[in-house]
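**Student:** Residue numbers (my numbering), protein chains in the order written: chain A, 91 to 426; chain B, 218 to 615.
Please keep in mind that the hints were generated in silico from the structure rather than gathered at the bench. Model, not experiment: these values are computed from the prediction. If a hint is listed, it holds; no wrong ones were tucked in.
Under 7 Å between C-beta atoms, here's a sample of chain B residues computed to sit facing chain A:
(1) T485
(2) P594
(3) F598
Which stretches of chain A does chain B cover? Using the computed rule of at least three CB atoms under 8 Å from a CB of chain B, they are:
(4) 105–118
(5) 265–278
C-beta: ideal position from N, C-alpha, C; glycine also.
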Amino acid sequence: MEQLYYSLLVVVLGVSACIFYFIASNWLLVMIFPVGRGSNEQVAKNIRTAAAIRPWIFLGPALFFLGLYLVYPVFDSIALSLYDRNGETFVGLANYQWLFQDNEFRQSLLNNLLWLLIVPAMSTFFGLIIAALTDRIGWGNIAKSLIFMPMAISFIGASIIWKFVYDYRAEGSDQIGVLNAVVEYFGGSPQAWVTVPFWNNIFLMVILIWIQTGFAMVILSAALRGISEETVEAAVLDGANGLQIFFKILIPQIWGTIAVVWTTITILVLKVFDIVLAMTNGQWSTQVLANMMFDWMFRGGGDFGRGAAIAVIIMFAVLPVMVWNIKQANTQMEGR
Amino acid sequence: MANKTAMPGKQSGKVISGLNKLRRSPLIILVHLSVLLLVILWTFPTAGLLISSFRDKEQLAISGWWTALASSEQNLITRTAPPNQQQLIDGVYLLEGTIEDIEKTDGILRFGWTSREPEAYQAGTTAEMGNDGTLMVDSSGNYQMTSVDPFTGSRGKRIFYTALTPPAFSLDNYIEVLGSEGIGQSFLNSLTVTIPATIIPILIAAYAAYALSWMKLPGRSLLIAMVVGLLVVPLQMSLIPLLQLYNVIGNFFGVSAKTYLGIWLAHTGFGLPLAIYLLRNYISGLPKEIIESARVDGATDFDIFMKIILPLSFPALASFAIFQFLWVWNDLLVATVFLGNGESELVLTGRLRELLGSRGGNWEILTASAFISIAVPLTVFFTLQRYLVRGLLTGSVK
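Next comes chain B alone, as it looks inside the complex (with noise of 0.2 Å):
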């Protein structure tokens, strides 16, 4: 957690400590209570899209996924038996019997008897139609229409009643964007660019860091400022220039320009400058005793790099492999220029992306498919969170 990594071995919490006056004040129910209201304005939103990505479609798109546990009405038609199976009692025509769905339901409210008043009447009264016959349908759905004159036709009437629906929850979304809208798919090819793009760098930078802490080099200070330069460059400057060369060299090959390979290396070149950056800070921090001593009894620095300074780095490796493995995962500027569209090679962002302009109004499938290109990075987040923090306190020049 944030706190335990914040100033290892400082003051940490003295301060708060030292603000014992404030504790003990009557405002700590006022801090409690922002707090709480902050924090429900920051997961509100990413709650709506979990609960909404489990509801049942027709449910989804008609009510609020605050009002998900309570019972929704919803305006449904159905038929009344065929003409075939009315009954004659004392000169009317009947057909009567249950409405189909009932049982999926909580029962009747109102229905009605034409397309331009489908809820006018409460369930349990009856409604006067046209030519003098009448329509009931009572709240458990039993349903009779009498006619003066015989019904006709092979099919029944139609009725429109509005029924109350209690909640229904399912992986039904989940089970139709991972086959049928392609998100399964895609989930293989966002792991397909990250898994390489997040460790091939790695051990680049580790090298570079090293020589650039404990190596005598001239022109060391210029090379680090280049580097702190180079965070901050925006991707934007890279694009032009790195997708005509890319097209060059695709044609010189006879292969495409977008391929697999492509957008590894381009990853790794993007994200170096911040894995320098974190990993130099934390190796030039190491005790130079260790090095020292190491040299003395003749460890050359290729030894001294891969028997000290690799394992000793380990939590500022994985800080920078969180920080490389959720840009990569999330990101979709660098997919959508230097990686296909085609089916084996659209990652999840990109995928959002297409179903957002194709099914823009599809909440079930929007939900249900950002979930899942959300729910890894999360997970990284909330189990390697530690390491992340500490990333960024090393991250941020101070």
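Bound-form chain A, shown alone (with noise of 0.2 Å):
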């Protein structure tokens, strides 16, 4: 109990430190080029000298964490990627060569591959359908909520709740887990799902789709009520029915949105370890990148060199979108 009023008290003096800095700078800058006295010469370059400063007082913090946080790691990570566990010894390109040669990474990059083609793409598909369809009914919002409240589950509160629908008991007993209950019931036999080499992996992507097809869902859901009417409408007039009207006049009209859900999908998953983690820890051939880079930066004592390594490949994959992102929002400004 002691530590959360500590921890309160941070948050007091975390804003105050942080009103206090602003002031304190403003008056700083006030003092310096004090824009009261003087030529009027004297006044106007000080006002110019104090408008081009405070601008960076302002940014100042901001730019401090994300420095240090951020982008600094960013460069440290590929320097030490070339370096040993210790990152004491240059090794050159050695930590990469060893990774295209292990078998594990290998793996993992083929089931993020699957990852990737798969999470993104149904997400996308049942947040659409789900969008389309909760919109003509009138307790939509209602099932759109329900839709939405994995989001704020974490990935390892999901894979217990998962977990628990693929839970395995020998054939005979009564199972408790949902989906053997449903296969015994159909004359299946009862298996343990996340062992079960390859499908393993769609077991697990099942968890995080559940989650994300919320996020899909509210983002394509607005993206569609943005469609004017006329289109509607004069689509209804020709004629076209339900399908008609969804696939040829709706759909067209929100393609960047749907490129938006699934890239910011693609990102996530890339991402994404704790849901393997307390899955299968990579076991049963389902390792991916993040949970293996993780298992490096603490395997035996921790080996930052390949741990570092695995990382600057995750974030080579993610920079297309970055960039994609990156000219989407300049494009964006230049509009402003």
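Since each chain sits alone in its own frame, please combine them into the complex, following the hints.
**Tutor:** This is the structure we're talking about:
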């Protein structure tokens, strides 16, 4: 309980420190470049100088944190990936050479590719379907809210929920996992699902699809509502049926949003490690890059060289999306 | 709710009215059914967890949670009265009585006298035991065991029986995990991490967002591009360099590298790109006239920020706060790397991971613990969903 007070104290201190920083630096700026006295020329110059400096005061703390916690580590990770496990001896590309010969890494790469193909596609697909369907019924909002709910659940919590769904009891005893109970009901024999090679990857992906569909649904639903009424009316007048309207009128108008949803989930897929860690920890050929990286960070006291090399590979996979996002943001800003 | 905040003021829902033709079609029933099916699919797993966490742990281990409301069959063992209570009737030794815990059950279905065949006989029938003995158990728990030879020993003989047990729900599982499994302590630890890590970034980001929206600044678009780029940088890139840095700093000051201060700052750093991005989108969209007229009236940037921008940006601040809260509360990676595993440091997600390893088969513990950990974000989610949806809509690059 004490630590909670401690943390509340930190909140108060942190916020006051922030406010103090801005007030104090602002005051300092006015002191150094006074605007109240001196010649007109001097005052004009002071105002200009202060105006040039002030934005950097406002940006200062943010730039410090971004620099220290995100920008510097990117470069340091790239450098570390060229060093040995302690980061002391330069080894060139040896870590990468090792990576591409390592079976576990190849397996992870392959699995990640599967995740990238399936999870964004399925989440977007279900999100779109649900968005389109719920728009037409009275209780759509309640339905949406319930499907959106898994977004609030941690990956590890979701893993426990699904581990329970996949739970396996030997044939003959009552199944307590829903999936095996259903399989038995239809006359199949129960399986320990997370240990069945290849298919177990799919069972893990289901968890992330379950979580991300709500996200896709919310964004696509808003996009569908933003479509102008005229296009739909025109299609109705021309005698288009529901499916035609959906595929030929609505979908083409929200391609941009679909792309955004798709890429956002793609990035997430590359970073998620909790699900694999909790469900299988990479056993039974389910390893993925993010979990392998986590593993090498601590394995045998930690191999920072190899861990950093895997991180760089993940970063590399993210790059195209990053570039695309920046381009999108730039065009959007020019429009303003 | 999602619909109300979507595209405020625009043709909200008009497309749909344009589809009135579809609404009246008989297909609408199909739509209702498909949505119902999808909702059931999506909520079923969570419902299972919630219901299971309240079930009796014996029942939970042997029957599916969807049978929770039905009576379940349970295999039990009891003993007869001790041999010193035996009676000799017509040359036969008899032990009789009623099975002790019978009130807790809905009656006995089958019984047996050996562990090899624990449910070989229907209740009410008489079983032939070896060496000329018999055993009779009826459905209300009365038993009679006979033998030609006297019963010996100090303890009663074993009876195996299968009883119908009524559904039992209780808070026992929760009481157990909150205390002995350390979930209570971890709950506090999670709060300790989350509160500062949610609030501290907000002000820092708001100042930066204001500067990036309304102040003259060379290289502004470059900075914005950088923020957008940093949005997607995988955390994995930051872990090793920061871990090394923390170790160096820890050594220098002679303290542990894994502290609450360290994780607060780390979450602040990791949350900033989203915070700046969300807030900038919002703040740059505020009406120009307000800010310019304030400037004309002689207000400084600092005044404008504190008196105009901050109050007006409340919805955006709230959206970000919710995101950051959910993300920090649900985070496992940052907590595992930057915070220790001590009793006063392990957060809920870390504890769940540990329980998955050590208590993998104890579903009563796992379900109750998991539900405690997801209860807080679910509450936040359902009460503040409006802000979350709004944040999502401005947060995705359109």
